[in-house]
Amino acid sequence: MARRCVGKLRLATASNFAPARSFHLTASRYDSLAAPPPDGSPVASSSSTRTRASPIKALRDRREAELRSLLSLKCPSPHAVWAGYLELLQFYGASAVPREIHQGVLRKCSPSPAHLRMVAAKRRAEGGRFKDSHLYETRFREVIRNIRASGQTPSLEDYHCVLELFVAVGNHTSAMQVFGEITELGLARKSETYSLCLQALAHRLALPVWHLDRPILVDEISGHCKRILDDMSLSNVPYTARNVDLVFRILKETMSMEAFSHLLKHAYGIDLAYPDRSPLEFWDQKEGDSSAATLQDAATPALPTRLPFSLAAFNTALDYLGRAGNVSKMIQLFEVVTNPLPSSDQSYADEDDDDFGVADPQVAPYRPPHVQPNTTTFHTLLRSLHKADHLVLARHYLLLAFELERQASIRLRKLVKFTPPAEIPAPRLAITRSLILPVFSAANDNKNTELMRWALRKTLKAIKWKRYNLSYFEGVRSKWIEAGIYQPPTLTEAEMDEEPLPLGPASSRFSTFFNPSSSRVAEDGSASASTTSSASSQPFNIDLHINLLRRDLDALVELQSRIEDVLARTVQRIKERLGRRVWKNKNIFLRDAGDRVPVSKDFWREHVKYRPQSQAGAQSASSEQAPSETPPSHSQEGAPPHVPHTARDPQDMQAATSPSGSPAKSTSVS
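Read left to right, the sequence shown gives residues 1 to 670 (UniProt numbering).
The hints are simulated quantities; they were obtained by calculation from the structure and are not laboratory data. Don't take each hint at face value.
Only pairs whose alpha carbons sit at most 16 Å apart, straight line, appear in this in silico EDC-like list of lysine to aspartate or glutamate [to be verified]:
id	residue 1	residue 2
1	Lys447	Glu576
2	Lys265	Asp276
3	Lys447	Asp389
4	Lys447	Glu558
5	Lys190	Glu142
6	Lys226	Glu258
7	Lys57	Glu87
8	Lys447	Glu564
9	Lys226	Glu253
10	Lys464	Glu403
11	Lys461	Glu403
12	Lys417	Glu474
13	Lys461	Glu564
14	Lys461	Glu558
15	Lys586	Glu576
Model the full structure from these sequences, guided by the hints.
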C-alpha cells in the first residue's frame, strides 16, 4: 500500500511553479548589499575572488549602460526606467550612483506633465479621479532622498521638474511642501520657482471641489499665495507678467483687496490711494537702473524693478475692481491711466514747491502709467457699471467710447489713402453689441424708458456708421487690388466667412486678459525691458477688418430689434398701469403741471393714444371686412385696464408717457 502511494507521487516540473517575484529593497539595504568586504580578509586577498568579481562588475556595467540608453531616449517607458534604476541601486547603493543618473531618472520616471494633465482631465470628464500621481510622487521622493543621502544637494532645476508634475495635476499641497524644502536648503529661488507654485495654486482652484469644502480651500490657497508674495519681496525677486497673471487669477477667487493693492504697488508701482503718484514706500529710494549715482546715492536702497503697466494688466485691474464692487477706485484708475497728468521733471516731492520750497533732488522721478483703452477695456468698465447700477456713469463712458471710435475711424480712413498697408496699425476700439448691451440692460432693470430710447438711438447711429465703413473699406480693398499693392488671400469668400473671428474675453472668474505674448519672460526670469505700456500694434488686415464689420453689423441689427421689442413692451405696461389709475378716477403726476392732477379719459386717449380692448378688437375686425371704412368712435364707459395692442412706431413709443405728445413732456406715477 505504501509503495503504491509513493509510486503515484510525481515531482512538479519547473513550469508549474509560479514565477518568482523580486523584492525591491530600501536604500539602506542597497548600501549594505553593495558594501565591499573588509580589507585584509583572506577572501579579498585571494586571486580566485578577483576572478569571481569580474562577472559582477560586468553585470553592473551592463545594467548601467542599459539605464543610460533608456535615459537617452526622448520618451522612454517610465516603468522601465524605474525598474532599471532599482536594479542599479542593488549593485551600487544609493551613495555610489552617479549624480547624472539620479537627475536623469528624476526626469524620466514619470510621463510628461502635458500627458498627465490630459489624462487627469479625461478621468474627471468620465466622473473618476486620477490617482497615479501619488505613484510618481513616491518616486520623486525616493530619488531626492537618494541624492541627499549621497552627500549632495539637489539643484533648483531638479525641484522644478518635480513642481511641473504637481502643476499638471493641481497638487498644491505637495507643491508647497517642495517650496518649503527649497527654502530650507537655502537654494536661491527664481521667478520660475514662484511661477510653478502659483500655477499649482491656480490650477487647484479651477478643479472641482465639494461646495462645503471650498471656503476652506480658498482660505488655504490665499495663505499660500500671501506667503509666496512675501517671500518674493524679501528675496527681492522681480515680478514677471506671468506671475502677476497667476496672482490675479487667485485673487479673483479670494477677492482680497489688501493683497491686490500690495501686488499693484510692488509689481507696477501703482498706489490705488494715489494712482498719479509713486507709493510712499519708494519716495526715499532711487531707480534700480540709474547709471549716475553718487556716493550718497549708493547708500540709498534701490527702487525695485517694476513691470510696464500693459493693457492686459490694466484690463485685469479694472475687472478685479469691478468684481469687488469698488466703482470709485475703478473710475479713478481708468481716468488716471488713460488721461495722466503731465509728469514733472523734478521728483516725487515737487508738489506745491511755492509753499514748501525746493523739492528733494534725491527722490527719483516718477513716470505715471499711460494706456490707450480698447474695446475690452470699455466692455469691462460698462459691465461693472451695469452691475453696480450706475446709469449716469454707464451713459457717460458709452458716449466716450463712441467719440474715441469716431476719432479712430477718421484716422484710419486718412491712413488708408496715403500709407502702405503694411505700415497701417490695426484699430484698437470698435462699437459692438457688448458695449451697448450693458447700458440698455441697466435701463431695462430700472424701467428707464428715456435711457432705453437713448440706447436705441445710439444703436441706430452705430449701425449707420458700420454700414458706411463697410462700404468704404470694401471700395478701398478693390482699389488696392487694382493698384497691385494688396494681394488677397487664396481663400474664397465662403471660406473667409467660416474662419473664426476674435471673440471677447471669457467670463470665467479665473480668466484674465493676459495672452502668451504678454506673459513671455526672458531666460533669466526677468520681464522684458519695454518702456511702453502696450505692445506694438498689429498691422492692419483689411479682410479681417471687413469681416469684423460684417459681424458687428449683424449683431447690432439684432440688438436693435431686441431693444424695440423690449421698449414697446415696457411702454405698454406703463400705459396699462397709468390707464388703470385714470379709469379709477385717480390722479397722476404730470411734469407740465408739476403736481399730481386728475385727468379725463378723453385726455388720456388723445395724448397717450390709448384704446380699450373691445374697441381695438372691433376695429381690427372691421378693417378686415372693409379696409377703407372709418372705425367707430371710442366708447366712453367700459374700458378694461389691459391694452392688447401697442404701436411699435418710435413716435408712438415717444408719446406713450407724454400727455402732450411732445418729447419734452412725460407722465409718470410718483
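Status of each hint after checking the structure:
1. In summary, the hint linking Lys447 to Glu576 is supported, as the alpha carbons are separated by about 14 Å, within the 16 Å threshold.
2. Pair hint Lys265 plus Asp276 holds up; C-alpha atoms about 12 Å apart against a cutoff of 16 Å.
3. Taken as a hint, the Lys447 and Asp389 pair is honoured in the structure, with Cα atoms around 12 Å apart against an allowance of 16 Å.
4. For the suggested pair Lys447 and Glu558, the alpha carbons sit about 21 Å apart, so the restraint of at most 16 Å is broken.
5. A distance of roughly 25 Å separates the Cα atoms of Lys190 and Glu142; the hinted pair therefore is violated under the 16 Å criterion.
6. The hinted pair formed by Lys226 and Glu258 meets the criterion: a straight-line CA distance of about 10 Å does not exceed 16 Å.
7. Taking the CA atoms of Lys57 and Glu87, the gap is near 14 Å; set against the 16 Å cutoff, the hint holds.
8. In summary, the hint linking Lys447 to Glu564 is supported, as the alpha carbons are separated by about 14 Å, within the 16 Å threshold.
9. With a C-alpha separation of about 14 Å, the suggested pair Lys226 and Glu253 falls inside the 16 Å cut-off, and the hint holds.
10. In summary, the hint linking Lys464 to Glu403 is supported, as the alpha carbons are separated by about 15 Å, within the 16 Å threshold.
11. Among the hinted pairs, Lys461 with Glu403 is consistent with the structure: their alpha-carbon atoms are about 12 Å apart, no more than 16 Å.
12. For the hint pairing Lys417 with Glu474, the CA-to-CA distance comes to about 13 Å; that is within 16 Å, so the pair holds.
13. Of the supplied pair hints, the one linking Lys461 and Glu564 holds, its CA atoms being roughly 15 Å apart against a limit of 16 Å.
14. The hinted pair formed by Lys461 and Glu558 meets the criterion: a straight-line CA distance of about 14 Å does not exceed 16 Å.
15. Restraint check for Lys586 and Glu576: the C-alpha separation of about 14 Å stays at or below 16 Å, so the hint holds.
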